[in-house]
Structure formats: structure tokens, C-alpha cells
Amino acid sequence: MEMIVVAPSAPGRIEDLRRRFFARPLQALLSLVSLATMVFLAWKLLNWAIFSAVFTTSGGPEACQAAAGACWSVIAARWRIILFGLYPFEEQWRSALACVAVVVMTVLSCIPAFWTGRRIALVWGVGTALYYVLMKGGMLGLAYVGEEAWGGLALTLFIFVTTCLIGFPLAICLALLRRSELPWISHTTGLIIDGVRSLPLISILFTFAVVLPFALPQWLAGDKLYRVIIGSALFFSAYQAEIVRGGMQGVPKGQEEAAMALGMSYWQRIGRILLPQAMRNALPATINQFVISFKETSLVVIVGFFEILASGNAAYGTGEWRFAYVEVYAFIAFIYFVFVFSLSRYGAFLERRMSVGER
Amino acid sequence: MNSTQSPGAAVRIENLDKYYGSFHALRKINLSVERGERIVVCGPSGSGKSTMIRCINRLEQHNGGRITVLGTELNDDVGNIDGIRREVGMVFQHFNLFPHMTVLENCMLAPMIVRKQPRAEAEATARRYLEKVRIPEQAMKFPGQLSGGQQQRVAIARALCMQPQIMLFDEPTSALDPEMIAEVLDVMVTLASEGMTMICVTHEMGFARRVADRVIFMDGGEIVEEAPPEEFFTSSRNERTRQFLSQVLGH
Amino acid sequence: MSSLLRNQKVRNALLQLLYVGSIAALVLAGVAIARQNLAEQGITSGFDFLSKSTGWDVNFSLLPATANDPYWWFFLIGIINTLFLGSVGLMLATIVGTIVGLARTSSNELARLLGRTYVDIFRNIPLILQVFFWYAVITHLPTPRSAYEAWGMLLTSRGLYVPVPNVGGPAMTLAIFALIAAIALPVWLGRTSRLSQPIGERLAIQLAGAAAALAGAAIILAIGRLPDLPLVDFPALQGLNLKGGLRIPPEFSALAIAIAIYGGSYIAEIVRGGFKAVGKGQMEAALSLGLSPWRVFTLVRLPLALRAMLPILANQYVWLIKATTMGIAVGFTDFFMIVALTINHSGQTLEAIGILMAGFLTINLSLAAVFNRINKAIALKGNQLRG
Ligand SMILES: Nc1ncnc2c1ncn2[C@@H]1O[C@H](COP(=O)(O)OP(=O)(O)O)[C@@H](O)[C@H]1O
Ligand SMILES: [Mg+2]
Numbered sequence: 431m432e433m434i435v436v437a438p439s440a441p442g443r444i445e446d447l448r449r450r451f452f453a454r455p456l457q458a459l460l461s462l463v464s465l466a467t468m469v470f471l472a473w474k475l476l477n478w479a480i481f482s483a484v485f486t487t488s489g490g491p492e493a494c495q496a497a498a499g500a501c502w503s504v505i506a507a508r509w510r511i512i513l514f515g516l517y518p519f520e521e522q523w524r525s526a527l528a529c530v531a532v533v534v535m536t537v538l539s540c541i542p543a544f545w546t547g548r549r550i551a552l553v554w555g556v557g558t559a560l561y562y563v564l565m566k567g568g569m570l571g572l573a574y575v576g577e578e579a580w581g582g583l584a585l586t587l588f589i590f591v592t593t594c595l596i597g598f599p600l601a602i603c604l605a606l607l608r609r610s611e612l613p614w615i616s617h618t619t620g621l622i623i624d625g626v627r628s629l630p631l632i633s634i635l636f637t638f639a640v641v642l643p644f645a646l647p648q649w650l651a652g653d654k655l656y657r658v659i660i661g662s663a664l665f666f667s668a669y670q671a672e673i674v675r676g677g678m679q680g681v682p683k684g685q686e687e688a689a690m691a692l693g694m695s696y697w698q699r700i701g702r703i704l705l706p707q708a709m710r711n712a713l714p715a716t717i718n719q720f721v722i723s724f725k726e727t728s729l730v731v732i733v734g735f736f737e738i739l740a741s742g743n744a745a746y747g748t749g750e751w752r753f754a755y756v757e758v759y760a761f762i763a764f765i766y767f768v769f770v771f772s773l774s775r776y777g778a779f780l781e782r783r784m785s786v787g788e789r
Numbered sequence: 009m010n011s012t013q014s015p016g017a018a019v020r021i022e023n024l025d026k027y028y029g030s031f032h033a034l035r036k037i038n039l040s041v042e043r044g045e046r047i048v049v050c051g052p053s054g055s056g057k058s059t060m061i062r063c064i065n066r067l068e069q070h071n072g073g074r075i076t077v078l079g080t081e082l083n084d085d086v087g088n089i090d091g092i093r094r095e096v097g098m099v100f101q102h103f104n105l106f107p108h109m110t111v112l113e114n115c116m117l118a119p120m121i122v123r124k125q126p127r128a129e130a131e132a133t134a135r136r137y138l139e140k141v142r143i144p145e146q147a148m149k150f151p152g153q154l155s156g157g158q159q160q161r162v163a164i165a166r167a168l169c170m171q172p173q174i175m176l177f178d179e180p181t182s183a184l185d186p187e188m189i190a191e192v193l194d195v196m197v198t199l200a201s202e203g204m205t206m207i208c209v210t211h212e213m214g215f216a217r218r219v220a221d222r223v224i225f226m227d228g229g230e231i232v233e234e235a236p237p238e239e240f241f242t243s244s245r246n247e248r249t250r251q252f253l254s255q256v257l258g259h
Numbered sequence: 006m007s008s009l010l011r012n013q014k015v016r017n018a019l020l021q022l023l024y025v026g027s028i029a030a031l032v033l034a035g036v037a038i039a040r041q042n043l044a045e046q047g048i049t050s051g052f053d054f055l056s057k058s059t060g061w062d063v064n065f066s067l068l069p070a071t072a073n074d075p076y077w078w079f080f081l082i083g084i085i086n087t088l089f090l091g092s093v094g095l096m097l098a099t100i101v102g103t104i105v106g107l108a109r110t111s112s113n114e115l116a117r118l119l120g121r122t123y124v125d126i127f128r129n130i131p132l133i134l135q136v137f138f139w140y141a142v143i144t145h146l147p148t149p150r151s152a153y154e155a156w157g158m159l160l161t162s163r164g165l166y167v168p169v170p171n172v173g174g175p176a177m178t179l180a181i182f183a184l185i186a187a188i189a190l191p192v193w194l195g196r197t198s199r200l201s202q203p204i205g206e207r208l209a210i211q212l213a214g215a216a217a218a219l220a221g222a223a224i225i226l227a228i229g230r231l232p233d234l235p236l237v238d239f240p241a242l243q244g245l246n247l248k249g250g251l252r253i254p255p256e257f258s259a260l261a262i263a264i265a266i267y268g269g270s271y272i273a274e275i276v277r278g279g280f281k282a283v284g285k286g287q288m289e290a291a292l293s294l295g296l297s298p299w300r301v302f303t304l305v306r307l308p309l310a311l312r313a314m315l316p317i318l319a320n321q322y323v324w325l326i327k328a329t330t331m332g333i334a335v336g337f338t339d340f341f342m343i344v345a346l347t348i349n350h351s352g353q354t355l356e357a358i359g360i361l362m363a364g365f366l367t368i369n370l371s372l373a374a375v376f377n378r379i380n381k382a383i384a385l386k387g388n389q390l391r392g
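Protein chains in written order, with the numbering used here: chain U, 431 to 789; chain A, 9 to 259; chain L, 6 to 392.
These are calculated hints, taken from the structure and not from any lab test. Careful: at least some of the hints might be erroneous.
What the hints assert, rightly or not - Dumping the calculated DSS-like pairs for lysine-lysine here, alpha-carbon to alpha-carbon at most 30 angstroms: (1) 36/A x 14/L; (2) 124/A x 14/L; (3) 566/U x 683/U; (4) 474/U x 124/A; (5) 124/A x 149/A; (6) 140/A x 683/U.
All values reported here derive from a predicted model rather than from experimental measurement.
So that you can see chain U by itself, here it is in the shape it has in the complex:
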């Protein structure tokens, strides 16, 4: 019965398909090649990742290695190392909770209701403090766990969050200094910003981790983790400063003049008039910068931190799981992908919304 109902529209649909994919010979060829590629890759991937894959640890690594598909058993066996690094086993719930705190904080700051300087600062301040207390302990009945034992996803998130937390205000300061009317100040700042931007992040991380202790008095050197975070924040701020400055250039000159004419002081003009508008202009580029910076936290592996990438290397690097590197990297890549992709989709959404709003 249904066939009969559908039938009259069928030629139309076929015609539509023909026009969309097979209108010209070249078009048809392109369609076929694309389709074949897609089907082939999708089939290979699904077959490897699901149909022929081993999911349980019961057979042990040997059975797993023999299987044609992916060996997800390695994740089942080693996920705690990947996510939490060397954090004490019984305390790993704290590490998990800390990650949740960071994720909640990130989600909250995507909601426009929180987009005032004070609320954002509050959300991030509370979120970071919560993370820190949970991870470090030593109070509220939580056992003390030193920074050297932090690792995995939790460490990656910590480095990212603190980088932004320090880097963002620094970026605003740098942007303000660079657009200063006093030539010495703006030129010196420009030199600093351009200098940092011309260097690779790895060299900055290396300098802060390895070289800086020589150049600092003993009492100032602090823990390597915090030095690296400051280096990464400096790098972040050099890029973000240019984004903020771009946002400021988008604010008409008349805005500051009107504020001046009303007798507002420099800081009042900056805080009440210039920055709120500039930040709104700079929002899409800022989110993009966050995305880049999240990906770049992975570089701290080079200066010897046990973040998610390093813990992944460790998860397959030793003993019986040596063969399962693809699965481990796929798992880490998936975690990064979830964070980065959702953040960048959100950025694209905001950009579209804002460009519609302008009209």
C-alpha cells in the first residue's frame, strides 16, 4: 500500500538526486569517488573500532592483540592512568570531581548571563579554587597530594585553566599598554608582544622550566609547574592582547570622547565603556584563541609533565600493551576532540549570531 502512495513523488526525488549529484559527467564522477571514499573509510573505521574490536579485559592482552580490530581492552585496563596519571589510587575520585568542576565552570562561562566582568571572574575564581582544594587537599579532611603527583586529564585541564586565568587579565593589560598615547610605553609593549609572538611556544616553555631558575633568586623560582604555567600564560596573553586590541579598535572613538566629556577617569572609561564593548567585538576570536591554547597545553609534555599525552605514552609504553598504541592515541584524541570541537562549534555559533545581530 505504502509503495503506491510514495510512487508519484519518486520520479521527482530521483530527478532531484540526479540534478544534485549527476548533472554533468565530471560531477557524477566526483560524486562517485567521494561516495566510494566515504563508504570505504566509514566501513574500515567501524569495522576496526566496533565490529572486530575487543572490549573486555577478560582475554588479556594476547587475545586482544590477535583480534583483527581495535583492542579497547587497553583503555579498560589503563584508563585511570590516562585520566589521572600518578594520582593516588584511592583519591582519584577527587581528581575526577576536579575535572567536573572545570567542565562546569567552562559551560557556565558560555552562558551570556555570566558575561559581566565580575560574574566571569567569580565563576573562574571559584572553579579554580575548588579544583585546587580538591586536587591538593591538606584541608577539610582531604589527604595532601603534592603537585608532582598530579597528572593525566586533570593536569591538562589545570594548566589550561590557570593559563587562561593569568593570561587573560595580562592580555588586557598588554592591549591597554600597547594602545597607550605615551610612545615609550606603547613601543616597549609592542616589542614585548611581537617578540613573544615570534617565538615558538615550546621554546618559551623550555625557557621558563629550565632556564629561568638560573635567572631568578632562589626564593622566587617556585615550583616548575607554576613557572611553566606563567610561561604559557605569557604566550597566551601575547596573542590574546592583539585580539583584545582589535576589539578595541572596533569601538568608535566617540565612545571614549563621550565618556571623557562626562568627566570619567581613565579607569572608569576603560572599565565601563571601552572594555565591555571591545570584549564583545573580540568574542569569536577569543574563543578561537581558547581553542588553540587548549590544544597547546599538550606541549608541556616536552618539558616533562605527566599530562594526558605523557600518561597515554606511559599507558601503552610499558609491558604487555605495547602493541595497542593506536587505541590509546585514539582515546586521547577523542577526549581532546570532544573539548575542542564543542568549544569551536560554540565559537562558530556565537559568530553567526553576532553577525546576524549586527544587521
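Based on these hints, arrange chains A and L with the ligands on the given structure of chain U.
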């Protein structure tokens, strides 16, 4: 600043010189404005009208001569500049309302953070002035949701909320469609009738005729002519003034 | 005093002095402390160490290198390695990016979907993770005994072995230049010949140019050929190891592949943006003039899109060159790794960091200068593109 009782003129400009790089924008300007006086400044585009009135609240820094506002000299003293800006309101050609704040917030911001007024008082003042410029019902809207004429009236209210002693207008109606010009001019006429000291750059000659005590004509960075309106419009001696008037009034 | 502080000019002067002064003081203090700390470890500052021999070796070099060579030679090797990896990576990334970007702007929905999937996946995975991945893949390949073989090349866990002609170094360099010319010449000829010429004639000129360059390369190779050896040196198994041919080490391949794939996803977006920036009106105008779709593409769409994407592309290239520093993650001796090794072995920390900064500054500035020149050369006069 004890400006409320300071003696003498509201604004006194002596031998004012202003350069943009090597370009001489204002040449030896002399002008004195008494309290309660209403001055209209006109002249061809680029003649330095804006530059002159922007020097009065130091949106532009002058390079020579003296400017005294309400008895205080505008010099490098930061305190003087802040004090004078508090007492001098300004309305711009392009309104320059703060787009991220509602109309009410636009009006309350400066009184609260510059004059340190309590919120309730600032709001009462703001509503009173919005009433005065005849748009009390728009208080909760954002500037982008208003017409040009409404925005300019908000801008006037915003300036008035600081309760300034002097108001500067820089072509307040030039960016408006003809049907909106009248509503802004009406507000300005009311303001003038209440005794506000006003310096208006405008080409609205009808307005000049009605309210101005003196009309000033500028050209090439100089004050070319200065006269009461009747005299200015009927028996101007200067060739450049007559030419300009025929252009403005011509059609 | 207080009235002096309220003076704007005095204030401005003080602020500037304070700012510049404190930054300078910070830097100077850091350098002074570092020199003192290093002196306590018996390291004298200065650039004398540059002429001392290193005592360690590099695992990849285009120039001859031994542990007896001085530091300055190693720095040079590092820079050349960085530039070499950078240019190979950029070239591959540009090819990948162009293909994917064209797929993303294609009128075919399936091709667009394919391109988009590619970009979405590879842009959102950190580059270093991709480097690690490819490095693991390559080092997990079969040992030389059971290598994959194709067209005389051998793929093993110790790297890719490719056959090379038995030709002296200078002749080889010249031949490479000739091969580059074989690609560049037709493009240049195509640009300089006039549009009014029939396509067939232009094509013939271009082909002739390419053929001449190729013939030149062949002659150079024949002249520079090493005596008493077969023309081409094929890699082959000898005992447990492979001998002959050119070995491309896993470190290099992993980095080049990762940069190509990751950079390609970014460049694809730039290409797409460039094509999007070309107004529909211009293309319709060209079509309505009776130009064929191919000519509209090569004469109107492509040139305009190139102009739109070039500035962004320049930034991306700079970024990718800097990304070669990830070599240290897998042990490729790029410029940065040489600097890090120098600091480890010689302790000449400040000097090495100084050289690092100067090196990258030079690379960035020269790249920027090159792109500025290209930009200026092809810029439209006036404001046409924006108008
Ligand atoms: N910021 C500036 N930099 C350089 N020249 C300026 C600047 N502002 C104004 N000028 C020049 O000064 C002259 C007077 O400008 P203005 O006072 O705005 O004229 P008006 O308001 O009478 O049209 C004009 O020639 C203008 O080009
Ligand atoms: Mg003007």
C-alpha cells in the same frame, strides 16, 4: 573646584592656537562667553568649529593661548581638567550613546561614578531629565532601538544629568533626518529659555535667530565675524559671511 | 610637589620612565643573576664556546656532521633542518590544504561533506598528538628483514629508504634546482605570455620550458655521476640492516606527515575563505563575457581568491615553521633541539637562548618580508577588493 561662585565669564578664550602636526587649525582665537549667554557658531566645514569647542573641555589639547572655564584655567593640571569636564556637558553630532547600556543606565552612569551619587538619587535625576526631553517611556530600551532624534535627546539628557553649568553642542542635528531635527531643537530651545550657558555649533539658522545672543562665524581657523543675530543675518559686512549665508539660507 | 604630580606632562614622563625602567631593570637583574649562577658552576659567559667542538652528534643532517664539529656548525645544521622540515611540511600542507579546500568549495555536496569531515577531525586534535601517533605508527612498522617494498623503496621501522642516483653533491644540488625550475618555468611562462595567445600555443611554450629544464637536470646528473658505481643506488638488506639508498628517518617522516595533515586542515579553511571572498558578481560578469568556466576559474576566481588568502596564509606558514620545534618530542634535531642540547651539554644557557631568539626572529622577519613583497606585487591598485 569652587566653580559655583567663581566670578567672571563662563568661558574665556585668549589667543588660542591649535596645530594638528604642522596644520594650523585654530589661529589666535579670542572669545568670551558670559554666564547664561547662548552662542551659535557657524562656518564652512573644516573651519575649526569642532576643534574650538572641543578645546573647551579638552578633548583637544591646545598649543598656545589661554582657556579659562568657570574661573579655572585649562592647563596641564589633571585636577583642573577633571573638574572642568564635570561642569561642562557636551552633545555630539553622532550622539555617542553607550550601546551596551539602556537609556536609563546611560543617564545614571556618570552621576554615579563621577559625582558619586547614590543609585536612587541618580535614577530620579535621570528620569526627570528623560521626562524633560520627552522620552520617559524609552528608559529601559537600548540606544540601538531608538530613532536618531530620540537618541540625540537621550544624549542631551545624559549630559544634563551631570548638572553641568555649560553645555556644548557640536552639530547636534546634522546627522538627523529633517523630521527629527525639530524635536531636538525644541529641547534645546527649552534649555536655552531656562538660562543654560550654551555654545552651539549648528547651521540651523532659525534656531540661531530665536535663541542666540551672539552668532560667531568661523573660517580658516579664525573667527571672522561676531554679532547679534539680527545684525548678523541682515547687515553682515564680511564677504565670506555673506557668501556662506547665501549658501545656507539660499535654498 | 603634589602640584607637580598633578601636572599631566610630568605624570606622563614619570609613567614612561617607570615602565621602561622597571622592565629594563627586571631583564638586567635576571641576566646578572644568571651570569653569577652560571659563573658559580664554572661556566664563563661569552660566545667563545661556538668554536669548540660539541662532543655529541645529531641524528639528522643535510650537511656532514660529526661530534668533532664546532657548535656554530651545529647551530647552522639545526637551522637548515628546521627550514628543510618547514619547507617540506609547508609544501605538503599546502597541497593537502588546497585539495581539501577545493573540495570544501565544490558545488558537489558529497565532496563538501568529505572535506568538512577532514577539517573537523584533524583541526581538533593537537598537532603533537598527531606527531606522536605517526611516530608510533612508523616505529611499529616491520623490521628491515620484513620491510614493505614498492618501486625500489623500502618502508621499515627504521625509516623510509629511497633509491638515489649516485651523483656528487654539487651536481645533485644543481639538479634539484633544475627540477624546481621545471615546475616554476611553465608557471612563469604562463604568466608572462599574453592572454590573446591561443591556449594551444601557450601550452606548447610551457611544455617546452618544462622539457628544457628536465633535460638540463638529466645532463647535470649525467655529468656529475660518480665513477664505477651503478647509476642508481638501491637500498638492500645486508645482514640485519639495510644498506644503500637514502634513509628518511622516522622522526622526520612523522613530523612531515603530521604537519601536512594538521596544517592542511588549517590551510583548507584559508583556501575556502579566500574563495568565499570572491564576489559572485565578478564571476557572473566573467561568465557573461563568454569566458569558459575553466578560464573564469584561472583568470578571475583563482587570482582574486589568492589575493584574499595570502595575508592569512602568511601567518599560517609562520605558525607551521614554529611548529617544527615539536621535533624535540620525537628526537628530530631541529634548531630548537640543538639549542636545548647545547644548554644541556655546555651550560651556555644565556647565549644559547639568545641565539634561539635571534634565529626565530630572523626566520619570521624574512618570511614576513617575502610575503609582504608578494602581497605588494599582486595587490590590486586602490581599494577594489573591499569596495
Ligand atoms: N585629529 C585631526 N588630525 C588632523 N587634522 C584634523 C584633526 N581634526 C581636525 N582636523 C583638521 O582641522 C580642521 C578643522 O576641523 P574641524 O574643527 O573638525 O572643522 P569643522 O568642525 O569646522 O568642520 C580641518 O581642516 C580638519 O581637517
Ligand atoms: Mg565639525
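Do the hints match the structure? See the list:
1. Annotation: proposed proximity of residue 36/A to residue 14/L holds, straight-line Cα distance about 24 angstroms (limit 30 angstroms).
2. Only pairs whose Cα atoms come within 30 angstroms are accepted, and residue 124/A paired with residue 14/L is accepted, the gap being roughly 28 angstroms.
3. With a C-alpha separation of about 48 angstroms, the suggested pairing of residue 566/U with residue 683/U is violated against the 30 angstroms cut-off.
4. The hinted pair formed by residue 474/U and residue 124/A fails the criterion: a straight-line CA distance of about 70 angstroms is larger than 30 angstroms.
5. The straight-line distance between the Cα atoms of residue 124/A and residue 149/A is roughly 24 angstroms, inside the 30 angstroms bound, and the hint therefore holds.
6. Proximity of residue 140/A to residue 683/U is assessed by CA-CA distance (about 28 angstroms); at most 30 angstroms being required, the pair is judged to hold.
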